[in-house]
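Colleague: Respectively, the protein sequence lines represent chains A, B and C.
Counting in numbering that gives the first Met the number 0, the final residue of the first sequence is number 266, and the numbers go up one at a time with none missing.
Counting in numbering that gives the first Met the number 0, the final residue of the second sequence is number 259, and the numbers go up one at a time with none missing.
Counting in numbering that gives the first Met the number 0, the final residue of the third sequence is number 266, and the numbers go up one at a time with none missing.
Some clues are possibly wrong.
[What the hints assert, rightly or not] As a list, the in silico DSBU-like pairs of lysine-lysine whose alpha-carbon atoms are at most 35 Å apart: (1) B/K186 - C/K264; (2) A/K182 - A/K164; (3) B/K106 - C/K103; (4) C/K260 - A/K70; (5) B/K6 - C/K195; (6) C/K158 - B/K255; (7) A/K70 - C/K264; (8) A/K71 - C/K264; (9) C/K103 - B/K6.
[Said to hold, decoys possible] Only some residues are given here: those of chain A computed to face chain B with a beta carbon under 7 Å: (10) R74; (11) L186; (12) I190.
[Claimed, not checked] Selected chain A positions facing chain C (Cβ under 8 Å, derived; list incomplete): (13) Y10; (14) N48; (15) N75; (16) M82; (17) L104; (18) R114.
Since the hints were made in silico from the structure, they are not lab data.
From the three backbone atoms N, C-alpha and C, an ideal C-beta is built for every residue, glycine too.
Below are the chains, spelled out letter by letter.
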Amino acid sequence: MLKIDGLKKTYSTGDEALKGVSFEVDSSEIVAIIGPSGAGKSTLIRCVNRLEEPTEGTIFLDDVEVTSLSKKELRNARRDIGMVFQEFGLVDRLTVMENVLSGRLGYMSSLNAFRRNYPEEDIRRAREILSTVDMAGYEDDRADELSGGQRQRVGIARAVIQNPKILLVDEPTSALDPETSRKVMELLIDIAQEEDISVLINIHEVHLATRFADKIFGLRDGEVVFEGLAAELDESAKDKIYRGEDPEQEVDVSDDSELQSTDIKEI
Amino acid sequence: MWNRFDKRDNIRRYGTALVGLAILIVSWRVMNVNYEYLLTAHYEIYDLLYRMVPPDLGYVNEIASPLIETIHMSIMGTALSIIVSVPIAYLAANNVSPHWTLVYFGKFIISVTRSISAIIWALIFVVMFGPGALAGIFALAVRSIGFIGKLLSEAIEEIDPIPVEAVTATGGNKIDVFVYGIVPQIKPAFIGMSTYRWDINIRQATVLGLVGAGGIGLVLDSAITRLYWPGVTTILLSILLIVIFSEGISAYLRKKIGGV
Amino acid sequence: MSTKESHTWNRPSVFQSRVRKWAVYSGIVLFVLWSVWELRVPIDRLIVGFGAGADMVSSMFPPDFGPTARGRIWTGMIDTIAMSIVATIAGVILSAPVAFMAAKNYAPRPVYYIGMGIIVFSRTFHPLILAIVFVKAVGVGPLAGVITLAVVTIGFFAKLLSEEIEDMDRLQYDAIRATGANPFQSLAYGIIPQIKPRFIGLSVYRWDINFRASTIIGIVGGGGIGSTLMSSFQRFQLDFSLAILITILICVMIGEVMSLKVREKYQ
Ligand SMILES: Nc1ncnc2c1ncn2[C@@H]1O[C@H](COP(=O)(O)OP(=O)(O)O)[C@@H](O)[C@H]1O
Ligand SMILES: [Mg+2]
């Protein structure tokens, strides 16, 4: 379904954010990427739909090689890739409905988009999704009037209305409180399963990753340092991801580092 | 079904657009444009460029001294306006003004001097002092009173009252309060706005000569009257030069000492 | 602060050294003194001037608001207002693309330099100087004034609007692009809603400035009340001049209040 091979990204600043990342996401699969801040998780996700241009490597979505598409073809490919952002990415000054329907822009003419002349079918679907994410009745509220949890629900609705094959989700809950985080995650996973969409999700909280994901990748300094089922993510794997230590080679573990590993459990 | 705009919204939106369009069309009609001029415009522009290029560089000798006069006018005009605007801003700032009637008086002076362009002030001062730099200096000074006075009085109105109270509490008189309580708080903004105004005044000073108030504008006017276009180009280039020069200095000073 | 100086204290200064600071200050003072010296104004001329001022004021009063004068002021003012409106609309329309060209985060580098070039050019000359050139090109009358003011508007409006574009929230734009929206749609949904309030506020503000400017553009033949004012001074009809001045003053103040009110509403 999504196949990434040898992906490298070096920013113009010289930051090597990704140093050759390869992995696959299968149909209807939920894959979590975990790793410390600065590991390259956001960069990875933004490279998949080429919001950032990858420096090297290939990305296939089904049989489409995303990395070699022209601008026009890329726009068509993006219609199949839904995206959910950490800071929601809603257009503040547009209404909830406009935000949701902006997920259909790829299927609309510029003139109709400008005149807010949306197909009836899209509007019907938008209402349906809004009530699924529990936001019915907010259609005409401006996005910046909503709470964080509500905004993320609208963000999810915008991605889902695209009818994407895959959802790219970048730390959807780290701007939310724990209770809201849990609800938003449950909602996201429910919808994905209901609609049969694969999910590639960056996640900060390890416990959420182990709970919701089928497969987990650990990213550190732009490299995949762990790969396995959620159940396989043990303490030593976490150490490797978050502290860059390979416990098998490490003989002496000082008190100091013991302290840090308990910290990590609470993340 | 859902629509971004309901009927009332739509009437308002199209109504606004229609009114806007009507105003535009009426305005255009009022201007009574002579379309025949437009037909010859491209020829005139070509002709103008043909006459203006190349510039007469020998003309530099003749324009050097009016150019320097322009700079002097801008400095004197700004300096004079600084001297006058400080007391006026003090009167117009409602948190420190001695009396509320003086607030209105100060604000009145500020609005009147601000609402009339420097070039119009120059027309008036040329009648008073005759043609020459003096009229230009007064024109720049009076127009700048409105500018500096407004910004300065707003800066004074926004000061932190605590230092002022502290100086008052230690037994300071009005002058002490002004010097120790107010001045330190507004100094960077004041330097910034004065420098900025000087920068504007150089640009203004280049045109005051068009109505006889001294500086490079006088030479520009006479070159145009004589249709001496290569000289006009030289003058325009020299203006470009001093404007860039003053903008550089003003940017440097504001970065170093000014707050604006 | 070095140790050997520890018992003295210097107020920290933005200048690297005291020498530099005093150099700048004394430079300014010297410049002013030089100006005073160069322009040495004889006191008697000042006195004569103020005497002439008294004469001038007495011949200005009472202002001439007679029927002929009213008619001429009316025509001049209507022209002036019309010029300011047409120039603002034309200037704003021309500015919009220049603003995007001059936005560092939106335009490619070479385009950015072209945009900045246009802005710098249109800011350098005083409107009256540009007006002289345009009067030669399209003849005496309001059209020359309108072209001048439209050109000057670009320097102001495009500059400030491009700063607004540079300050926009990139995420909102990215989120729209990620749905597969084309460049026009991304602009219409991801950027325009963000800059719209500022756009309206700046337009109204610029109209206010253009209105002031259009009262003087007639001095060099660019149409409007300025030419009436100029000829009244040349013919020493000072009571008529005063009537014009009072009208300008009142209209400019009304314009300023209107522009403030509209901007308060939108920002
Ligand atoms: N736009 C950018 N320009 C330059 N460097 C960047 C940019 N975005 C991210 N980086 C760098 O790339 C690395 C990975 O960042 P990121 O992908 O945001 O990590 P994560 O999402 O895992 O916290 C960091 O070192 C960061 O500084
Ligand atoms: Mg991130």
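Colleague: Against each hint, give a clear statement of whether it holds in the structure.
Modeller: Hint check results:
no.: 1; hint: B/K186 - C/K264; verdict: 33 Å, holds
no.: 2; hint: A/K182 - A/K164; verdict: 23 Å, holds
no.: 3; hint: B/K106 - C/K103; verdict: 40 Å, violated
no.: 4; hint: C/K260 - A/K70; verdict: 45 Å, violated
no.: 5; hint: B/K6 - C/K195; verdict: 23 Å, holds
no.: 6; hint: C/K158 - B/K255; verdict: 23 Å, holds
no.: 7; hint: A/K70 - C/K264; verdict: 40 Å, violated
no.: 8; hint: A/K71 - C/K264; verdict: 41 Å, violated
no.: 9; hint: C/K103 - B/K6; verdict: 40 Å, violated
no.: 10; hint: R74; verdict: 23 Å, violated
no.: 11; hint: L186; verdict: 22 Å, violated
no.: 12; hint: I190; verdict: 21 Å, violated
no.: 13; hint: Y10; verdict: 15 Å, violated
no.: 14; hint: N48; verdict: 6 Å, holds
no.: 15; hint: N75; verdict: 7 Å, holds
no.: 16; hint: M82; verdict: 4 Å, holds
no.: 17; hint: L104; verdict: 4 Å, holds
no.: 18; hint: R114; verdict: 10 Å, violated
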